[in-house]
Structures are given as C-alpha cells and as structure tokens.
Amino acid sequence: MAQMTMIQAITDALRVELKNDENVVLFGEDVGKNGGVFRATEGLQDEFGEDRVFDTPLAESGIGGLAIGLATQGFRPVPEIQFFGFVYEVMDSISGQMARMRYRSGNTVNMPITLRSPFGGGVHTPEMHADSLEGLMAQQPGLKVVIPSNPYDAKGLLISAIRDNDPVIYLEHMKLYRSFRDEVPEEEYTIELGKANVKREGADITFIAYGAMVQASLKAAEELEKDGVSAEVIDLRTIAPLDVETIVESVKKTGRCVVVQEAQRVAGIASQIVAEIQERAILHLEAPVLRVTAPDTIFSFPQAEDVWLPNHKDIVKKANEALNY
Amino acid sequence: MKRTNEKIAEQFPTFQILNEEGKIVNEEKMPNLSDDELKDLMTRMVYTRILDQRSIALNRQGRLGFYAPTAGQEASQLGSHFALEKDDYILPGYRDVPQLIWHGLPLYKAFLWSRGHFVGGQMPEGVHAMVPQIIIGAQFVQAAGVALGMKKRGENRVAITYTGDGGTSQGDFYEGMNFAGAFDAPAIFIAQNNRFAISTPVEKQTKAVTLAQKAVAAGIEGIQVDGMDVLAVYVATKEARERAVNGEGPTFIETLTYRYGPHTMAGDDPTRYRTKDLDEEWEKKDPLVRFRKFLEDKGIWSEEEENEVIERAKEEIKAAIKEADGVPKQKVTDLIGNMYETLPQNLQEQMEEYKAKESK
Ligand SMILES: Cc1ncc(C[n+]2csc(CCOP(=O)(O)OP(=O)(O)O)c2C)c(N)n1
Ligand SMILES: [Mg+2]
Chain A
1 MAQMTMIQAI TDALRVELKN DENVVLFGED VGKNGGVFRA TEGLQDEFGE DRVFDTPLAE
61 SGIGGLAIGL ATQGFRPVPE IQFFGFVYEV MDSISGQMAR MRYRSGNTVN MPITLRSPFG
121 GGVHTPEMHA DSLEGLMAQQ PGLKVVIPSN PYDAKGLLIS AIRDNDPVIY LEHMKLYRSF
181 RDEVPEEEYT IELGKANVKR EGADITFIAY GAMVQASLKA AEELEKDGVS AEVIDLRTIA
241 PLDVETIVES VKKTGRCVVV QEAQRVAGIA SQIVAEIQER AILHLEAPVL RVTAPDTIFS
301 FPQAEDVWLP NHKDIVKKAN EALNY
Chain B
1 MKRTNEKIAE QFPTFQILNE EGKIVNEEKM PNLSDDELKD LMTRMVYTRI LDQRSIALNR
61 QGRLGFYAPT AGQEASQLGS HFALEKDDYI LPGYRDVPQL IWHGLPLYKA FLWSRGHFVG
121 GQMPEGVHAM VPQIIIGAQF VQAAGVALGM KKRGENRVAI TYTGDGGTSQ GDFYEGMNFA
181 GAFDAPAIFI AQNNRFAIST PVEKQTKAVT LAQKAVAAGI EGIQVDGMDV LAVYVATKEA
241 RERAVNGEGP TFIETLTYRY GPHTMAGDDP TRYRTKDLDE EWEKKDPLVR FRKFLEDKGI
301 WSEEEENEVI ERAKEEIKAA IKEADGVPKQ KVTDLIGNMY ETLPQNLQEQ MEEYKAKESK
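The listed protein sequences derive, respectively, from chains A and B.
If you number the first sequence the way full-length UniProt numbering does, the last residue is 325 and the count never jumps.
If you number the second sequence the way full-length UniProt numbering does, the last residue is 360 and the count never jumps.
For reference, chain B alone in the conformation it holds in the complex (with noise of 0.2 Å):
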C-alpha cells in the first residue's frame, strides 16, 4: 500500500514547458508571449548570468561585500519575475537580488546593500520591494501580512516571496502560508529547491516527497515547477497570480533549480558536500542553454545579439560600481541617525562623541 506521504506527492508532477533540448513538450501550457517579449525575457536571463560572474569577480577583488551566487536560478527567479506587474510587491531572499533589480532597484543600490550601506537599502519611489532577507523564513510571514494590506484595501496587487528548500524547514515558512490562506490574502510563496541549503541536502531537510505538497496543509493551491524552464515558472507564476488577483487565495510553487556557484562568497566550498556528478547533470539543464535552443529554433535570437546584450551588461556593471563608489562611506553617525526618528538622549550624546571621533 501507498503512504500518504507518496499518495499526495504524485497530484504534484513536475510542470514543464520546454524539455531540456528546448522543445515544446506541453503545447496547451505555451503561454502567449510575443516575440519581443520571448526575447526580453531571454536578454535579462543573460543580463543576470553576466552580472554574476562579475559579482564574484568583485567580490574576490574585495569591491563588493555579501553576495550569493545565483548563476543555474536564473529561469526560478526571472520567470517568476516576468509574471508580475510594476505594483506587486517583491519580499526576497539574499539570493534574490535579481529580481529587485528587474522590479527597478538600480543596479549600484544593489552593489551598496552588498557592502551593507544603508542607501542599498533605500528603495526607490515606486519600486515595492523590502530589502532582501537575511532571516530565513522571515519573509514568509510578513508577506501574508503585505498581501492582507492589499487584500484590504481592494488592490489588485499580489505579494511574492521567496524561499530555499532549506527554508521550507523554518516555522515561519508555515506560518506564512497558514496566515495567507486563511485569510484568502493575494500571495505567491516560491522555494527555490536548488537541493541544498549550504552543505545540507534537501532529503535531510524533510520526509516529503516533494516540497510542493507542503501547500496541502496549509489548503491553498501548490505546484512543482521544472525551475530551469523559465517559460513553466513564468506560467506557473502568472496563473498564482491571477488566482490571488481574484480572491482564490495564496499559491505555493517549488522550483527545481540549482546553484551552480557556492552558497556564498563567505569561504563556503561545494566540494566539500556536492559531486562533479551532480553539478554536471543540472548544468545539462540549463535554463540558458534551453531557451536559447527554443529562440534559436524559432529564428528570433542570435549570437551577436546574445553578445550586444552581454556587452551592454558588462558596461552597465562597470558603470553602476563607479556609482556606487562615488556614494560617500557610510559612517557610525550615519548608523546613530537612523536608529530612530528622533534621537533620543543616549544617542544624542553618542552622536557627540562619534562626530568627534569622525572628524579626526
């Protein structure tokens, strides 16, 4: 006899749209998407892959500080993104930095958060974002709180948040999609399952079968996603949307992807816990590699326009660094001032102090 655990698992196949070699393999799913669109959706995953491979070079040269690899994510976390409007509202992980930036962050706030400068942090008007999330799990319980403003107020806005396959251990990640479910609230919980949470794989973090069925206790509605098929997460993602959009409450989509870098640029080395092996059959699965086949077929993509779009990226790069280093240092007086909105008499006095010890 079947357990339970199995029974739930198989009403959660993986959805996909285009197969590894690029083909359409669920034509009925094909979503309607001009070709400028197909394409712009092809530039920013190149766009992304490129600004990864420069923000780690940055890193090493010590010009930017945190940052998390996400090279391998780039179809979990730009599909999903493409499904959204200008007005949603994004809660990312510290992984998620792409789409704040497809959402309007510019790109040299990004570089500032990376070196922890309060302006990285400053959104800016009209982008509706919260800083990236460092507290695993947190986020999970303030969307639900994000998507009932706007549940309340008759928006048709929705709140996306997103997770790890480790996240999906915290209690909050629970409590969020228990809260947004029982409140029907407009939100879209994604977990990118790219198999570890730094050296921990994904089937010592839970006995599920899938991550997916973990939307069945909370009763609102779950997918598994191919998360390198940028096209199913885009689906996928939209159709969450309209669902919240018209009152049918939260989703939850669990996007099989992987990191191909290491979890940070903090010292973390993935040999220690991964195989060449493995590495090599997600590689084979390339959300880039696949698109590019399905552009390429449809004679709408090419290499030098691949390369005008890895050019731009490039410039756009050097550029936002030299921004970001003409943004005065932040200093402890900046820390003090922001602590409150008006100071109170300790740090008043620290202030004095600090200001002095500053101007030396």
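Just chain A, same shape as in the assembly (with noise of 0.2 Å):
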C-alpha cells in the first residue's frame, strides 16, 4: 500500500481504468500536456497517448457534447470541466441531456460518463471558481452524484463510476485534495455508489456529512467525546442517489441528528435528509433534526471564508442544541 492525497488517488483511478478499459478517454481543457490545473492528469498523456487523454478547445458546453456523442459510439467520457463553477456552461448536455437518454432511448441507450471536477471551497480561490453546486446535480433525476471524502474512497468510487453504465457527476473537493494522506491499496478496488459509510460509530447523535465537512464531523465527535458524548459520524460518498436505509438506521439508534453541508441552505441536500428521517423516523427522535450550513449568499470572498464556511465549532454547537433540547 501506499500514502496517496486525495489528487493522487484520483490519478491513480485515472491510470486504472485507461489501462482497464480502451474505450476510456480523457478529455478537457489543459488536462493533456499541463495535466489539469490541479494535475489531476499528471501523465496521463505521456503514459497513455493524445488519442486517449486530450486538450479540448474551450467550451463547456462542447466538453458535455462531445462526452454525450462519445459515449453512443461506445466509448466510456470521462471529461473535466476544470472549476465547477464553470457548470452551468454545461448545464444542457448534462442535465438537459445526458441524464435523459437512458428514458429517451426507451432504455437502450446508455450513457456512461463521469463528468470530473473540483468544487467547494476554502483555498481562497477568486470567485467563480469555489462554489457546492452538488445540489443543482442531485435535483436532476437520472444522474449519480458522487463525493469522496478521502483518498481512499476517491480511487474505489472513481473506478466504480467510470464503470457505471449512468452519468455521474463526480466531484473533487478542493480543500480535500492536497490536504491529508492515506493507505491507498496499489491494486484496483472498487466502492459501490449509492452507499453511506459510518465512519465512526456512536450511541448520542448522529453526524450526516459529505466532502470535506467529513473531517469537520469527525473532529466536532472528538470534541464531544470529551464531554462524554458520543456522536456517530456518516459519510454520504453518494449525494445522488441517497442512502436513506443508512440514515435512518443511526437515527433510530441515536435519535439526534445534525445534518452538515458546506452548501447553503435553501433547497440543499440537508433539507433532503431531514425530510426522509423526520417521514421516516420521526418517533424515535429526542430532538428536532438539525442543519449546519453556509447561510444563503453567492460563495464567500477568500477574505472572509473561514467565517463563512461551517466548522467543527458550528457542528459542536448544534449537537449541543439537540443533546439539550
């Protein structure tokens, strides 16, 4: 095994499935020769040749067309579109498109893509090029949404998505990518998607969390731990589709719950969450479920980030709210 960031799985999953898989092309603006601006495709092009990782001209919307066209002609897109605040030049082909086919085809056409990018916040990048626009994916039924928290679950779920016979929207957290080390198995491995991790286990609260608040929950539980609390922590690693059985299970068990996002709050993938469990627990709860997030205003100004941005603190001051409710 070997110590990889969470940039260095990804690459690795890359080279994978290239070498697994011809019909695998990489695709997108300044992944070839530069290896994406955060060389996520680090010699990708050298190893594996232009006719399967190439630059494209710049244009999100040809970068979902060309995926979309590919993939009829049976081959497996795995495009980037280079920030995810970019996204909405692409909106068509992906939501729009892709994540119609399979019912327009009358189920004969598959798409199988897995649109790459980074997204999230918190590395002072200028505007535009932080923002948690997961929310936007999960609402279009007939996309996965996939995000990793470590570099473990970074490799299995990017191989599981490049083998997935659906779109999925896979996306990178910036913060995430160069930020900790993990064991990374060599040898390929996959992690199904659609299916929740407890990541740490407890009898109190139940954390819910995705992406980079992962490591936030994990670290509010070792707070509380403190104060002879303990907090059970889920890691989602699937946004789209949701694995309620997971949820609910640990709600039941602990009957508080605190939903983290680093998304704002309207119309956001915590509201979903606290919707399932309040439907489908609501009598083993000892407290309202409640929400961490960012407050609803475009993405904050590097400036002000670290205030805008939830932490470990929001979510020990919550669970407190619905450990003393």
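None of these hints come from the bench; they were simulated from the model.
Bear in mind the structure is a predicted one, so any value in this text is a computation, not a measurement.
Any given hint could be a false lead.
[Claimed, not checked] Think about it this way: if two alpha-carbon atoms lie no more than 25 Å apart in a straight line, the pair counts; the simulated DSS-like pairs of lysine-lysine are:
hint : chain 1 : residue 1 : chain 2 : residue 2
1    : B       : K357      : A       : K317
2    : B       : K298      : B       : K238
3    : A       : K175      : B       : K329
[Unchecked claim] Far from chain B, by Cβ distances over 10 Å, these chain A residues were calculated:
hint : residue
4    : Y152
5    : E201
6    : E279
[Claimed, not checked] Among chain A residues calculated to face chain B with C-beta under 7 Å, some are:
hint : residue
7    : D30
8    : N34
9    : D55
10   : P57
11   : L58
12   : S61
13   : M128
14   : P295
15   : D296
16   : T297
17   : F301
18   : P302
19   : Q303
20   : A304
21   : D306
Cβ atoms here follow ideal geometry from the backbone N, Cα and C, with glycine treated the same way.
Two chains, two separate frames, one set of hints: put the complex together.
Listed below in structure tokens is the structure:
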C-alpha cells in the first residue's frame, strides 16, 4: 500500500481505468500536457497518448456534447470541467441531455459518462472558482452524484463511477486534494455507489456529512467525546442516490441528528435528508433534526471564507442544541 | 486547390503600422495624433508595465489576491482603449484591468477587486464599465445588449469587449457577435490572441487559420492586427468605432500578442507548455521597445521622461495599496447585505446570526 493524497488517488484511479478499458477517454481544458490545473491528470497523456487523453477547445458545452456523442459510440468518456463554478456553461448537456438519454431511448442507450470537477471552497480561489453546486446536480433525476471525502474512497468511488452505465457527476473537494494522505491500495478496488459509510460509531447523536464536512464532523465528534458524548459520523459518499437506509438506521439508534453541508442552506441536500428522517423515523427522535450550512449568499470571497464556511465548532454548537433540547 | 479556410484567411492579412524596429511601414494609415498624444500612449504603456511588475510582487507578498499578468499585451490593451471616448462602455475580461484603470477606475479599487472586496466592483460615477468577467465568453453576449441599448437611445457611444484566443471557442463568442450583427449594434469585439489559453496553444482551439475570419460567419467586419504595434491597434479600433457610431454595425478585431508571464499568479508554470525560443521570439516584438524607438527617432521621448513615468507609477501604486488597506475589511454581513435590494426572511435571520458571530 502507498500513502497518497486525494489527488494522487484520483490520478491513480484514472490510470487504472485507462489501462483496463481502451474505451475510457479523458478530455477537458488543459488536461493533456499540463496535466490539469490541479494536476489530476499529470503524466497520463505521456503514458496513454493523445488519443486517450486530450485537450479540448475552451468550451464547456462542447465538452459535454462531445462526451454524449462519444458515449453513443461505445466510449466511456471522463470529461473534466476545470472548476465546477463553470458548470452553468454545460448544464444543458448534463441535465437536459445525458440525464435523459436512457429515458428518451426507451432504456436502450447507456450514458457511461463520469464528469469530474473540483468544487467546494476554503482554498482562497477567485470568485466563481469556489462553489457548492452539488444540489443542482442531485435535483436532476437520471444523474448520480458522488463526492469522496478521503483518498481511499476517492479511488474506489472513481473506478466504480467510470464503470457505471449511467452518467455520474464526480465532485472533488479542492480543500481535500492535498490536505492529508491515506493508505491507498495499489491494486484496483471499487466502492459501491449509493452506499454511505459509517465513519465513526456512536450512541448519542448522528452527524451526516459528505466531502470536506466529513473531516469537520469527525473533529466535532472528538471534541464532544471529551464531554462524554458519543457521536456517530456518516459519510454519504454519494448524495444521489441517497443511502436512506443507513441514515435512518443510525438516527433510530441515536435519536438525535445534525446534518452538515458546506453548501448554502436553501433547497440543499441537508433539507432532503431532514425530510427523509422525519418521514421515516419521527417517533425515534428526541430533538428536531438540525442543519449546519453556509448562509444563503453567493459563495464567499477569500477574506471571509473562514467565517462563511461551516466548521467543527458550528457542528459542536448545533449538537449541543440537539442534546439539550 | 485552396481550401475555403485558406482563401478566407488570405483576406485577413496582419495590419501593421510600426514594424519591430519602430519604423513606419504603412504611411497611409499613420494616425493623426499630436506629439502629446503619442507621448501619452507611451506613458500609459510604461506605467502599465510597472503596474504589472508591482502587482506580481504584491501578489507574492500576499498583499493582492487574484492577478492575471499583462506584460506583453500593453499595445493590444491600451492602443484599443486609446481609441475610445469617455462615455463608451467596457466589458473587460479578467486580464483587462489596465483598460479599466485608464477609463477611470481608481487603482486602489482595482487592488480591492483583486482581493475580492465588493468596493472594488463599485465603479465610480461616470466610469462606464462592468466588473471584469471571470466566465469566459459571457462578456461577449452582454456587449451585444449594451450596444443595442445605446442604439435604441440614439447615443454616439460604443460597447467594447475583450476576450482571449481561448475565449473564441465559446458559444457565447459567436452568439454575441451574431446578435450584435443582426441588430447592427455599435459593438467592438476584441480577441487578444496571446497564443495560449492557460496551457492550450491556439492551434488546438480551432482549425481556422486566423481568428479574425470568424467575423465572416457573423457577417460583421473583421481584422487581424499586429497586437504588439500600439498604433495599428489604435487605428483598427478607431475605425471600428467610427463604423459603429455611423450605424454600420460591429467589428471583430484579433490582436496578435503574447503574455510574458504566467497565466495567473495561482501556480501556473509556463515552462510546462511554452519554449524559451518562443518567449524570446515574442519579446523581440515588444510593444514598448518598438514604440520607444519610434518616439526617440522623432525626438520626443527620452530616458529621463521614461524614468519620471516609472517613478510616478511606483509612488501612485504605493499610495493606492495603502488606500486599499485602509478600506474596512469585508465581512460576511456585507455579503449578506449585498444579495438583494431588500433582504428576504432567511437572510434577515442569517444577518443577525453573523452579526453576532462577527462581534465576538
Ligand atoms: C467558462 C470558463 N471556463 C474555463 C475557465 C478557466 N479559465 C480561465 S482563463 C482560461 C484560459 C483563457 O484563455 P484565453 O481566452 O486565451 O485568454 P488569456 O487568459 O490567454 O488572456 C481558462 C480555461 C473560465 N474562467 N471560464
Ligand atoms: Mg490566450
């Protein structure tokens, strides 16, 4: 096993799938010679050639359309959108086209596309480069939305995403790219899409999170342990489809829950989770299910990101509200 | 037989007035500028080169935020801007801060914009411009709207917008030019072709031999200009402006230029995708060197004069950074307050929550 950062694990997963399946093709802006602006595709063009790993002209809607067209010809396209803040340029390809292709073809055409993109905040990027737009994706029926929280998951989930026959939006939190390393097996392995992972077992309260907020939730759980509170932490791994079973089972056990998302509050994933819990487990609840989110503004400018972004202290505070309800 | 692509490209020869030695090669097109105006052009280019150097240094010290270097592109940026009137409206890209500054945006505000501070986005009264665009191509479609508005009001103004070679691949690029053409709107579209979009060479953007020929599909005027020749850029823009206000519709200008520095200051390494030879080839075409020679040959520019400009630039930049530092730090409550004309319930609640957080 090797120690890898999340970005290395992603490159590794891409390499595994480029080797495994000659139909896998990688493309996007600056992914070739430059290896991507975050270096996620570093060295892959040298290793697999320009036929498999290539730069496109600068147009996100072109990239989306190209992926759909290639998919109809039996390829497994893995396009990159340089920053997810630019996703609006490719929204029709994603929501209007690839998500509907299975239905429109009467379930005869696969769209095995994995659209990768850096998202989230906390790394002081300029405006429009940081954003949490996963809610937009999760709202679109026909898409799967995968968000790894660590290097090990990043590799297994990405391999699964590439092998999946439906379109997968695979979002890579920028802050997690290089913030820590994990043991990552050199061989290939997959992690099932649509299944959450119980990162930490606990009895008193459940934290539900994904992406960078998993780390914040684990930190909050450690803080609370000092006060004798045992918190369970669930890493969703996939926000669409949602693993309602794991969520509900945990909440039935603990009776208290805080849902954490880095995204703004209105119409987010957290709202959906709260709704599922109250529909399925209301009689097990000792307190209202609470949310920790960012405020309902456009994503913060760098100077105030640290205040704007939810952190472990906000989670501890909300947890105490739920515990003392 | 020649292909259509090549036949069309032949109709877009590079327009030049001053060659690399600073000699006039196109007497007929020499603009009628006074000595003072010529010196003003040089002053702006020298000032902007210093501003670029200082901005890079300030960024490295952590005193600026986002910065996209401009050295090498002064003739394209400032030659085109020099052809405008005060009331014309600019829709800049992220690299086009110099044009905004010469249009009246105070330096300290440019610095605040770089830091992501909202005060940097507040254009002073009488400065007709949009905040620099981050989304590549968006400014092109908006320029069609700005120009149509001017036409509807019967004003003698134009909208001018800038993108890069990479930007010409966006759908918005075509849509903007096509709309402006369809409405005969007074717009000027400029693509500064500095040969790279981050790492991607222009040859990978398109099969078209020139970018200028992309005007043909929209049915508008198009021209390719030596973007290192400030007089050629000035004249091409001036003529485009005249056509625009005369109701003859929009023009697309491709300027051939080069950025000497990295794409932005956020970790781009040009040695990964450009050769030293290419860098040197373009540095020989430098817009300042060429124009300096021309002015010195005319006997209207000296080293002392240039040094004065450099000193003045350095002092003003220092003062502007100080002024920017003096503006109260932006807070999350500012962000909340700037979302709507009147705050809805959810944001009212959040305003209270963050006020409490910020007062701690
Ligand atoms: C819609 C969109 N896609 C991608 C980007 C990321 N990006 C920023 S600059 C750039 C390259 C632009 O190249 P070019 O148009 O040639 O302008 P230059 O930077 O060379 O001035 C890219 C891909 C963006 N800002 N907006
Ligand atoms: Mg360029």
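A quick look at each hint next to the structure:
| no. | hint | verdict |
| --- | --- | --- |
| 1 | K357(B) - K317(A) | holds, 13 Å |
| 2 | K298(B) - K238(B) | holds, 23 Å |
| 3 | K175(A) - K329(B) | holds, 24 Å |
| 4 | Y152 | holds, 26 Å |
| 5 | E201 | holds, 32 Å |
| 6 | E279 | holds, 23 Å |
| 7 | D30 | holds, 5 Å |
| 8 | N34 | holds, 4 Å |
| 9 | D55 | holds, 5 Å |
| 10 | P57 | holds, 4 Å |
| 11 | L58 | holds, 4 Å |
| 12 | S61 | holds, 6 Å |
| 13 | M128 | holds, 5 Å |
| 14 | P295 | holds, 4 Å |
| 15 | D296 | holds, 5 Å |
| 16 | T297 | holds, 5 Å |
| 17 | F301 | holds, 3 Å |
| 18 | P302 | holds, 5 Å |
| 19 | Q303 | holds, 5 Å |
| 20 | A304 | holds, 5 Å |
| 21 | D306 | violated, 10 Å |
The structure does not agree with numbered hint 21 stated previously, though it agrees with all others.
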